[in-house]
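Chains as they are written, first to last, in the UniProt record's numbering: chain A, 1 to 498; chain B, 1 to 498; chain C, 1 to 498; chain D, 1 to 498.
These are calculated hints, taken from the structure and not from any lab test.
Do not take every clue at face value.
[What the hints assert, rightly or not] DSS-like, lysine-lysine: derived pairs with alpha carbons at most 30 Å apart:
1) LYS372(A) with LYS497(C)
2) LYS377(A) with LYS307(C)
3) LYS372(C) with LYS307(C)
4) LYS477(C) with LYS377(C)
5) LYS46(C) with LYS30(C)
6) LYS474(B) with LYS372(D)
7) LYS477(C) with LYS307(A)
8) LYS477(A) with LYS377(C)
9) LYS372(A) with LYS377(C)
10) LYS377(C) with LYS30(A)
11) LYS497(B) with LYS372(D)
12) LYS377(D) with LYS474(B)
13) LYS477(B) with LYS377(D)
14) LYS307(C) with LYS307(B)
15) LYS474(B) with LYS105(B)
16) LYS477(B) with LYS307(D)
17) LYS377(A) with LYS30(C)
18) LYS307(D) with LYS497(C)
19) LYS477(D) with LYS377(B)
20) LYS46(D) with LYS467(D)
21) LYS307(B) with LYS477(D)
22) LYS105(B) with LYS105(A)
23) LYS377(D) with LYS372(B)
24) LYS30(D) with LYS46(B)
25) LYS467(B) with LYS477(B)
26) LYS474(C) with LYS377(A)
27) LYS377(B) with LYS477(B)
28) LYS474(D) with LYS372(B)
29) LYS377(C) with LYS377(A)
30) LYS477(C) with LYS377(A)
31) LYS372(B) with LYS440(B)
32) LYS377(A) with LYS372(C)
4 protein chains.
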Amino acid sequence: MDEFDLVITNGVCVTATDVAPLDVAVKDEKIVRLAPSGSLKASRTKRLIDAEGGFVTPGGVDCHVHLQEPSMFGKGSSADTYETGTRSAIAGGTTTVVAFAPQQKSLDSVLTALANTHELARDNSYCDYGFHLLVANPCARALSEFQQLASTEGVTSLKIYMTYEALQLRDNEILSVLLEARRNSILTMIHAENGDVLAWLTEQLEAAKLFAPKYHGHSHAPILESEATNRAIALSSLVADTPILLVHVSEPAAALRIRAAQTAGQPIFAETCPQYLFLTRDDLDQPGFEGAKCVCAPPPRDAEDQKAIWRGLRNGTFALLSSDHCPFRFDDAETGKKTCLSEEYPVGRFRHIPNGIPGIETRLPLAFSARKMEMTKFVEVTSTNAAKLYGLYPRKGSLIPGVSDADLVVWYPDGALGDITLTNDILHHDVDYTPYEGRKLQNWPRFTILRGRVMWDRDGGGVVGDKSYGEFLKRQKSTLNAIWDTVQEEGPFDLEKL
Amino acid sequence: MDEFDLVITNGVCVTATDVAPLDVAVKDEKIVRLAPSGSLKASRTKRLIDAEGGFVTPGGVDCHVHLQEPSMFGKGSSADTYETGTRSAIAGGTTTVVAFAPQQKSLDSVLTALANTHELARDNSYCDYGFHLLVANPCARALSEFQQLASTEGVTSLKIYMTYEALQLRDNEILSVLLEARRNSILTMIHAENGDVLAWLTEQLEAAKLFAPKYHGHSHAPILESEATNRAIALSSLVADTPILLVHVSEPAAALRIRAAQTAGQPIFAETCPQYLFLTRDDLDQPGFEGAKCVCAPPPRDAEDQKAIWRGLRNGTFALLSSDHCPFRFDDAETGKKTCLSEEYPVGRFRHIPNGIPGIETRLPLAFSARKMEMTKFVEVTSTNAAKLYGLYPRKGSLIPGVSDADLVVWYPDGALGDITLTNDILHHDVDYTPYEGRKLQNWPRFTILRGRVMWDRDGGGVVGDKSYGEFLKRQKSTLNAIWDTVQEEGPFDLEKL
Amino acid sequence: MDEFDLVITNGVCVTATDVAPLDVAVKDEKIVRLAPSGSLKASRTKRLIDAEGGFVTPGGVDCHVHLQEPSMFGKGSSADTYETGTRSAIAGGTTTVVAFAPQQKSLDSVLTALANTHELARDNSYCDYGFHLLVANPCARALSEFQQLASTEGVTSLKIYMTYEALQLRDNEILSVLLEARRNSILTMIHAENGDVLAWLTEQLEAAKLFAPKYHGHSHAPILESEATNRAIALSSLVADTPILLVHVSEPAAALRIRAAQTAGQPIFAETCPQYLFLTRDDLDQPGFEGAKCVCAPPPRDAEDQKAIWRGLRNGTFALLSSDHCPFRFDDAETGKKTCLSEEYPVGRFRHIPNGIPGIETRLPLAFSARKMEMTKFVEVTSTNAAKLYGLYPRKGSLIPGVSDADLVVWYPDGALGDITLTNDILHHDVDYTPYEGRKLQNWPRFTILRGRVMWDRDGGGVVGDKSYGEFLKRQKSTLNAIWDTVQEEGPFDLEKL
Amino acid sequence: MDEFDLVITNGVCVTATDVAPLDVAVKDEKIVRLAPSGSLKASRTKRLIDAEGGFVTPGGVDCHVHLQEPSMFGKGSSADTYETGTRSAIAGGTTTVVAFAPQQKSLDSVLTALANTHELARDNSYCDYGFHLLVANPCARALSEFQQLASTEGVTSLKIYMTYEALQLRDNEILSVLLEARRNSILTMIHAENGDVLAWLTEQLEAAKLFAPKYHGHSHAPILESEATNRAIALSSLVADTPILLVHVSEPAAALRIRAAQTAGQPIFAETCPQYLFLTRDDLDQPGFEGAKCVCAPPPRDAEDQKAIWRGLRNGTFALLSSDHCPFRFDDAETGKKTCLSEEYPVGRFRHIPNGIPGIETRLPLAFSARKMEMTKFVEVTSTNAAKLYGLYPRKGSLIPGVSDADLVVWYPDGALGDITLTNDILHHDVDYTPYEGRKLQNWPRFTILRGRVMWDRDGGGVVGDKSYGEFLKRQKSTLNAIWDTVQEEGPFDLEKL
Ligand SMILES: [Zn+2]
Ligand SMILES: [Zn+2]
Ligand SMILES: [Zn+2]
Ligand SMILES: [Zn+2]
Ligand SMILES: [Zn+2]
Ligand SMILES: [Zn+2]
Ligand SMILES: [Zn+2]
Ligand SMILES: [Zn+2]
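Isolated chain A (complex conformation) (with noise of 0.2 Å):
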């Protein structure tokens, strides 16, 4: 009998800490031994892939993502179900997302929320799966159910918006979240965006007839960023320091300011996203209507932001690297981007195109090619920060031999493949473009492996998993850091104590 399902000989293993040539070993959907390098490739086992020196990285872990979300924002809908979504992250070597149940203004329950959700992605997803809920109206009974949330249903985080009409919740409401959040141990994503400033840049600018997609980037001024930065932080200090996460942070006075509150010990956290490192301002001011394929909120910045965001990358301020996968057709005039042109906007409206851009396929790629981190580094933002930030640690994120789950990217070694061209014809969303479009990367995932099963072949049928096999992930309570640390040296929010 086969003393192991898969081997994996040859590779260079990497962690959040550590580098090193060695085999792994899976049997029952677990990493089982990691071994000297070469030491297992005599083994009994039943498939056997010779890494021939490429890196084995634990599979990615992108919590950003939004896939068959409802639309709340106009016309534009998602361009990706939970099927064509994960296809695409098993593609790029994501072999777990966590993706938003979205409440929207008019539920008055978040568990409602979280079934209608669960319909949508059962049986339906090529990774493994878990949700944050994205609450829009923090009403008494949302509240209440945020017990049932973390504690039954395996949902530990949630998103809320400081703006957009649909989903801008007022300083009080966040407060109300955090406070019940921080009853529960749940984690809160704050989106942090002035959505007030917002819009009146908005009306500004469509005064003076200032349309075209460019204008996105000029409504999205890096101030309101930094300013609801500032009053998250400040909002989850008045709350007796509760844990936050800052989504897809995007413009350095923000990050100087997560920085600071870190510096003086408070529990924030944040994330950055690929645009903010790979795109810049120039990918939006492009003629015509080009310039839609990159609109996403915060807008790609310049390019001396894009090297302070790679600092605060690499000097910690950023725990994680996610995708913000959020794809809408660009040719398409009844739910993509070109559903706010018309004869009057030959160029579109900016504050009408669809936002969001796709990217789960290829943050991994991008980020592994670019060769700006150390492999650790990578790893650490990529996988194991998240696994540890959402719950998911240690089951996803590690390589720890009887505890983690065998999801694994197999790298083809360095050269092997020379400079390969990113396409949208190579990726596997549901969209019709990407905005990397032509870029040259050294890499790309060879194997994707999930739970011990390689659901990604690149050299042998691509895509060769099947659509049922990714689980829904319950999640415990975040174990990043000392992040609940403030909580439990402060204890109940205590009025007494302002």
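On the provided structure of chain A, position chains B, C and D with the ligands as indicated by the hints.
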């Protein structure tokens, strides 16, 4: 014929930069001569005052005064009319006030609000006066009237609120105000506290049955102020560095934020008030309802914070020391502090305590007696800068022969008065208490002179002037420091530069 | 034949990123397998250790250790030889030390200094060891030897002093060292205290007849350290961002300065020590001469400062927690603390108290017992980062099968040991006191294993290893984080870019 | 008999706080009356000057002037004597200078140094003058003389250097100076550049054969200045917040460090100079030896830095704008810039270029013409603050009747002069160039009046005064702002408080 109407001899004159023994001569309401000390003693003058070595300072200019405003927050209403408030001012050495002309949210015109306020003040003021527009409804009509306000009506400043349901503007509304203010060289005063957070804390405190006056302080936690201050600065910055003034700054983090903006060259100005220099949290935390006497917003802070505010006054963070006189009677269940008492709430409900304290008369004596500033700084922050910031200079705020109004305070010689105990008995407002009851003072205005006329003669009848002598002052645009430099350098707000 | 030399079963293994129940197998001095917990219990192994649920951590790596250095500051001399010091290390869970090879100012060669130190350590060490060059005379010859040091001798780090007459380098000398270190990828450790200021304060204190041990603390006022830290960072920055490590950081302002540099992307690293986490100024201020037991430089600081140092450890400001073991006997008038006592100076003269405290054995137990860090952070700062920073990784500091030496500490299961009282009796150094006498500890290394051999068996004989088993370690260049990135990006120091 | 010696009518008088049309009357060397504009036109006066609407400002006070100092750095020696330097001052609107009385390292007495300098200046100065002691040897005797300096000799300030072999004090020496200065209420001026680093960079540059004048700028890299500034502030702080003044600040990081200290309430003052507002690095980087004309220390910086220095001037970081007049002839191989040329070094060796530039005459016209400050700020930083900081106020620096000396500058009415081209021809120093050759100016002093006497009449003979009219000024202790507050609050330096 007399050469002069009035001569003050043997005084030590103080301006924002100089301290020197000088004689002052007055003719036709103006200062007409500064001469070597003693040299005018023998001149032909209608009246001669011998200052006996005491200081002679420009009349106080108090540009943060609430008089006879309509009830906007519930049952309390202003204890002082223009008559009683300005009587109190003059007795405390203040010769000019700028009070608020409040536009309520239900009103779409600021000019109407201005007209209404003129009615109240006309022939009813012991001192000269001007108005700031208090803008609660920045609708299109109101904004369109800004030009007339500034160019015709002599109203070159306005105040807006980031808190209080009846007054709070959203950030987009603030931006509209700033943009129009910029166009008309109007200075925007901002009450910076986060109203949504205040509302939430108030609800939390009430839900926990914490009603006593001291919880007013808890509900206005320091971070409300520093957060809103940061936001206000961000909004100013967004509108191409439009000048703003943060009023009644009470806490160190806000002061440091302001200082950082000033360091960076932004046109951010700030004011503090005696309550943040002479009261603390302990004054709020009195047995029973007593603490209500010190309920104002922001509230008095900790002793350490007080030190930081003094530091800010000395290092120039604060251009102004104003009173924020906002008087309510204490022992008055119809219009005063006690309107919030009931059988159910024997110590009241802090949320309904009329919010404000009297201080127009005590501002100068307290600050003078503290001996914590140089005399030049004392004059600078209580008179000269106020005159400059609010477009009254050089007519007010200085001692320039032929140019400045003969608005003067003659103080007692050092030690001549012994220690005075401040009690409400000696004050001239229509309020039944002072929050500074029992404090020791070293000096008090001996004479207050408005445009050459003695209005206050402490040893010769007290208030000896006439309530119709005060004149309305049309104000020019602000001239403090380089306040409009960024406006001139940047030019009109340009959306393309965002 | 046995498959393994040693198996540890039922332990909870910890690395800098993972905590998990795992069995560990050892063969030929290396870790060769990590396997699901319990799975190796029955394997063929020469020795089986049942960890009974206790933690298993990589052996401690202590890279700040003074052993058998010649007297450079007066009468005191090191109480520990390599034998006794490393015996103490091993009993406290430390399997690798990097000690100093001191070049005296009178010596022009660093290679000679290195050779001398080899003599002392050879066949005389219970643990593996390396050397940092302590450079007191960076003359041309010494600088010219840096290349051989790094490339041939395996000495890839050096330490310099900004204080102490016998060692202090002027800023120009520091620059020469940094420039040559940069060329050879050598890491420069800096003792950052302002020596000139120390000398002046010492004279002032003595002139005022303030001789007691506590004045050692006064003479090393915090600002000496923050000033020198700022200067060291400036010097690093000047030489095109050459990496430096600030050793034994004790005070918050220095920590914040370091953090600011890290935020800005500069290659500034830092270390703190148990004395700044567990001792305070009060420990220095004991009756009579007792405080001399805690005389080290920098001195222990205030309780508030301690908190800030803990914060810096948790937020990543400090990469390392080292001992700065620098032992002198207390009750010893020939070579110890009491050499500074005399009839004239019955409580000694603080300036002549031999400067340093023992701590090599207590470092890990104190830090472990404090329970103020996550276990991963504990391993990171006491072992992994030290190994990476000093070029010993992955051989030391991790648990990688086939790669890492089998250097392991097996701790007692939680609570198994009860509270231990730390007394000098239980320690293995050749010092007659510990500054931590009487502290309560929750745990202690049960077994310390060096390259597969049990060296310390607390319940089975104590130190059971052999003083000739420790090996000299040639070290590679530092690999911590992106330490050489700025060097690579900037290239050689370029005067034209100044 | 004439009532007045001199009347200036139709001028616009400016002080540090006021700008107003006023007539000025002078009698017996003093200002005796300020009167409404035009009102003194018809008075009985020996002389009447019609300012025709031009500004009338207090005479310039320039407290950073090097005159007739001995060679201390090699071959160069001062081009100006007291006679020629003060002649130049008066022609540029400066009526008071404070120059340096240099103690050389070989001299143990500062009183001797003072006596020597008196010899040079006596009966040889067109303007009033005082001395700062330049302390190069703070030995016991020199320190013991501080009391006499301040109390008897009227020398209440001194300057020390952190650079230049001939002058550099070590940090311990600086502390001794500060301590003694504190005891005697003496203000310590500090030239803050790191001399050891300068020496090292100079050697490196020379070793690389980089000798041209522009490398002077490289050798004085900005970080030398910000480092030393931080150190100086640390030393002041250590001696219980003893006041210091950082002279000739040229770069933004130093300015921000100073500002931070001021924000924290420390008694840190600062000065900048025209060369940091009007010259840049490009002026140093001229073909051949031309750049030597702009060699001074610190050197001119980048255009962005210049902006930051202007910002610091406007926001109050800098109390003073002084000239740092330090004149060497250019085309002079005996005593001037060209002493460093030789056949071997055809563009000289930057290290030997006499270090300094002339500027005593151009300071006011350049600053006035720039129109980048309000007029009150112009007077504040060029006259009033200097008088206050150096104990000359209110005799100098203001316009107080009966109190202030009649030191006045009458400027041309706006536009009356057209553009003037600044060339060395029109200057009155004994230097053969000006670094500002060819600049356009909008104004120039029309009359300079010293104690009532016209010394400079641009349209009526130029320098019309007499070189023996200038008087030595015994100075009081500094009175700028709250300069001695920390000294009074803290009391004598207390070692127990360290
Ligand atoms: Zn978002
Ligand atoms: Zn998103
Ligand atoms: Zn207010
Ligand atoms: Zn108010
Ligand atoms: Zn050291
Ligand atoms: Zn050490
Ligand atoms: Zn200098
Ligand atoms: Zn100088």
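To see whether the hints hold, each was checked on the structure:
1. LYS372(A) with LYS497(C): Holds. LYS372(A) to LYS497(C) sits at ~24 Å (cutoff 30 Å).
2. LYS377(A) with LYS307(C): The hint holds at about 28 Å.
3. LYS372(C) with LYS307(C): Since the Cα atoms of LYS372(C) and LYS307(C) sit roughly 11 Å apart, the hinted pair holds (cutoff 30 Å).
4. LYS477(C) with LYS377(C): OK: LYS477(C) and LYS377(C) at ~23 Å, within 30 Å.
5. LYS46(C) with LYS30(C): holds (14 Å)
6. LYS474(B) with LYS372(D): holds (29 Å)
7. LYS477(C) with LYS307(A): Roughly 27 Å separates the two Cα atoms, so the pair holds.
8. LYS477(A) with LYS377(C): Holds, because 19 Å separates the two Cα atoms, which is no more than 30 Å.
9. LYS372(A) with LYS377(C): holds (25 Å)
10. LYS377(C) with LYS30(A): holds (26 Å)
11. LYS497(B) with LYS372(D): Holds - the C-alpha atoms of LYS372(D) and LYS497(B) are around 24 Å apart, at most 30 Å.
12. LYS377(D) with LYS474(B): Given pair LYS377(D), LYS474(B) holds - Cα atoms ~27 Å apart, limit 30 Å.
13. LYS477(B) with LYS377(D): holds (19 Å)
14. LYS307(C) with LYS307(B): This hinted pair holds, its Cα atoms lying about 24 Å apart.
15. LYS474(B) with LYS105(B): holds (25 Å)
16. LYS477(B) with LYS307(D): holds (27 Å)
17. LYS377(A) with LYS30(C): Holds, because 26 Å separates the two Cα atoms, which is no more than 30 Å.
18. LYS307(D) with LYS497(C): holds (21 Å)
19. LYS477(D) with LYS377(B): Given that 30 Å is the threshold and the Cα spacing comes to 19 Å, the pair holds.
20. LYS46(D) with LYS467(D): holds (23 Å)
21. LYS307(B) with LYS477(D): Given pair LYS307(B), LYS477(D) holds - Cα atoms ~27 Å apart, limit 30 Å.
22. LYS105(B) with LYS105(A): holds (27 Å)
23. LYS377(D) with LYS372(B): holds (25 Å)
24. LYS30(D) with LYS46(B): Holds, at about 29 Å.
25. LYS467(B) with LYS477(B): Holds, at roughly 27 Å.
26. LYS474(C) with LYS377(A): holds (27 Å)
27. LYS377(B) with LYS477(B): With a Cα-Cα distance of about 23 Å, the restraint between LYS377(B) and LYS477(B) holds, given a limit of 30 Å.
28. LYS474(D) with LYS372(B): holds (29 Å)
29. LYS377(C) with LYS377(A): With a Cα-Cα distance of about 16 Å, the restraint between LYS377(C) and LYS377(A) holds, given a limit of 30 Å.
30. LYS477(C) with LYS377(A): Since the Cα atoms of LYS477(C) and LYS377(A) sit roughly 19 Å apart, the hinted pair holds (cutoff 30 Å).
31. LYS372(B) with LYS440(B): holds (15 Å)
32. LYS377(A) with LYS372(C): holds (25 Å)
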